[in-house]
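Engineer: Turn these sequences into a full structure, and let the hints steer you where they fit.
Chains as they are written, first to last, in UniProt numbering: chain A, 1 to 312; chain B, 1 to 291.
In case anyone wonders, no lab produced these hints; they're calculated from the structure.
Computed from a predicted structure; not experimentally measured.
Check the hints yourself; a few may be wrong.
Straight-line alpha carbon distances no greater than 30 angstroms define the calculated DSBU-like cross-link-like pairs of lysine-lysine that follow [to be verified]: (1) A:Lys165 <-> A:Lys4; (2) B:Lys8 <-> B:Lys162; (3) B:Lys8 <-> B:Lys208; (4) B:Lys162 <-> A:Lys4; (5) B:Lys208 <-> B:Lys197; (6) B:Lys162 <-> A:Lys165; (7) B:Lys155 <-> B:Lys11; (8) A:Lys4 <-> B:Lys155.
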Amino acid sequence: MDRKLTSVIVSLVAVLVFFLLIVWIGGMINPDLQLDETGVLRFAFVGIGLLIVFIVYLLTRQSQIWEVGTREVVYMAIGAALYAVLSFLFNGTVFAVPSVSQVALRPAVAIPMFFGFAFGPSVGFFTGAVGNMFGDALTGFGLSPQWSVGNGLIGMVAGMALLFKDRQKGVNTVLVVSFILALLATLVFFLNRNVPNMMFFDPEAGIFGDATISWFAGLSAIVGFLLVVGIRFTAVFNKNPEVTAAVAWSLLGNFIGIGFAAISDIWINGYPPAVAIVGEFLPAAGPNSIFAAILVPLLVAAYSSVQRQTGR
Amino acid sequence: MLVTWRYKPRKSLIQSFDPRAWIIFFACYIACTVLFWDLRYLLVLFAMAMVVVFTSGIRFSEMRRAWLFIGGFVVFFSFLTFLTGRGGIELYTEEHLITRWEAGFTLLGWRPTLTVTAEKTMYAVSMLVRVFSLASMTILIPYSLNPAHYGIIFKGLGLPDKVAYGMDLTMRFIPSFGRDFMLTRDAQRARGYELEKLSGGLVAQVRKLAPLIVPVTIHAIVSSEDIIDAMDLRAFGVGPRTWLEELHYRTRDRLLIGFGVVMLLTSIALSLFGMGKFWVPQFLLQLAAAG
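Structural biologist: Here is the structure:
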């Protein structure tokens with residue numbers, strides 16, 4: 001197993017070095033090379049993302065949570081297929097997806113979060129990454145592999161919940177980290193109010209990812225965070241630590257996964273950092289955290305009653 | 001019950017290759033398309049896609065729905081791109097005006113104005129060709145890969161057994177879950193649930209999606225027990241896996257892979273030399289200068 005793992009990491013590093021060499025050589029033969037116009041970098045970022053995943057795995061591989069048996073393989077496939085189907089159905093082309101103040105209903109993201117939390121980080125990563133890939137393929141797009149890795153990270157982080165023996169302590173740490181991330185992003189929003197919301201499309205109103213970001217979309221990360229905190233305190237009240245852990249870890253996964261994709265777009269698409277954070281990160285991660293806070297608890301509750309009934 | 005993609009054996013160019021070779025070529029093709037914005041380069045890729053589509057042996061009636069969906073989607077979005085020019089600003093800095101059309105009326109003090117510039121037009125056309133080539137290559141995949149080969153294809157591409165089998169199951173589950181989702185939606189509709197008429201604030205609307213998402217997800221997990229049992233009974237994951245079918249590369253498959261890789265490397269080299277960037281033909285610029 002160890003030799004396999006080293007070979008995977010070595011090959012990922014080799015891919016990265018290959019792309020860096022391309023960039024370096026390309027810079028020598030063509031001095032006005034502008035990388036964001038070539039599209040080469042997105043493959044490099046897929047390599048970086050996978051490398052992050054493998055390093056996290058390497059650091060925590062003593063734990064049981066990474067084990068993949070028959071059950072996990074089937075859950076991976078179910079999660080990925082569900083994520084692909086739901087993100088295809090709710091991407092605005094099949095149904096007219098309703099939206100409230102620039103936040104479109106895209107509930108599919110609850111799937112990788114729930115699968116990651118319920119069945120572990122490997123299932124979560126596979127669900128997010130492969131599901132997003134197939135979902136894009138169903139629509140006929142497939143141009144942003146770094147977003148697949150970002151979606152995978154959402155599921156993986158949601159699954160790291162099982163690492164902490166003391167659930168309560170884990171949740172508190174996660175909430176503090178998420179709060180800092182949400183606060184930083186919202187601060188950037190306040191400093192850059194005029195950035196367009198690039199995640200919001202409403203063809204009927206002639207809005208094609210170019211409307212100035214609304215107050216609600218800008219504050220949605222904080223709104224989502226507050227919802228999660230609310231759940232934490234009411235759930236402590238109801239003695240349901242499972243739900244709290246699920247939403248808290250999903251929230252963090254969402255911030256990290258979408259953050260990875262949005263930040264890599266700084267280099268890939270040549271966005272200024274403020275645009276990447278206010279135009280991409282906030283309108284994607286903010287609403288996601290609201291969906292997570294509402295749908296993930298429902299899924300966790302439904303699944304635990306199924307578990308009680310079947311005894312599995 | 002599983003619903004399957006509409007694969008059947010056909011005498012066609014795409015199916016005459018080893019499916020692994022085709023997937024590698026497909027990946028190279030996508031990567032090449034991502035690298036270019038120049039319409040001339042994109043037209044070459046588009047022509048390749050069209051050759052594959054017309055030799056695929058799939059009757060139009062079989063894939064009409066997929067084409068209508070993707071065609072409508074692509075044309076609609078390109079048209080919107082043309083109207084707003086969104087996205088193009090990253091590619092060009094100055095615009096040459098061809099014609100400007102102003103509506104003879106005002107809506108609440110706003111006069112609808114359409115400015116047609118050389119850059120905007122070319123951007124919309126390039127976008128159309130680019131996305132359409134990608135979509136047409138992607139549509140063909142489910143029609144021309146034998147479902148019995150999914151697992152061995154991914155295994156043959158170097159993935160570990162478990163991941164390959166996971167990808168295999170994912171591809172098999174997608175059409176079934178699509179059907180399950182529609183069934184659940186119809187069942188809920190019969191009880192008066194209307195997805196199209198969600199009301200209330202954001203939180204209320206998201207909560208109202210639960211009657212769709214929760215049953216589909218939980219049903220999928222519960223009914224997977226049969227599949228898990230079946231796999232366990234066949235000792236899944238105990239040792240290195242053998243696959244029922246075997247795939248062997250032939251000369252033509254190696255040639256296809258070679259062609260794909262050379263195409264990709266050439267494209268990367270071209271794009272590093274600054275070729276294949278956004279291009280506006282001279283006559284449009286002249287038209288703009290004249291107008």
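Engineer: Against this structure, judge whether each hint is valid.
Structural biologist: Structure-based check of each hint:
no., hint, result
1, A:Lys165 <-> A:Lys4, "29 angstroms, holds"
2, B:Lys8 <-> B:Lys162, "26 angstroms, holds"
3, B:Lys8 <-> B:Lys208, "40 angstroms, violated"
4, B:Lys162 <-> A:Lys4, "14 angstroms, holds"
5, B:Lys208 <-> B:Lys197, "10 angstroms, holds"
6, B:Lys162 <-> A:Lys165, "28 angstroms, holds"
7, B:Lys155 <-> B:Lys11, "25 angstroms, holds"
8, A:Lys4 <-> B:Lys155, "15 angstroms, holds"
The structure is inconsistent with hint 3 alone, although it conforms to all the rest.
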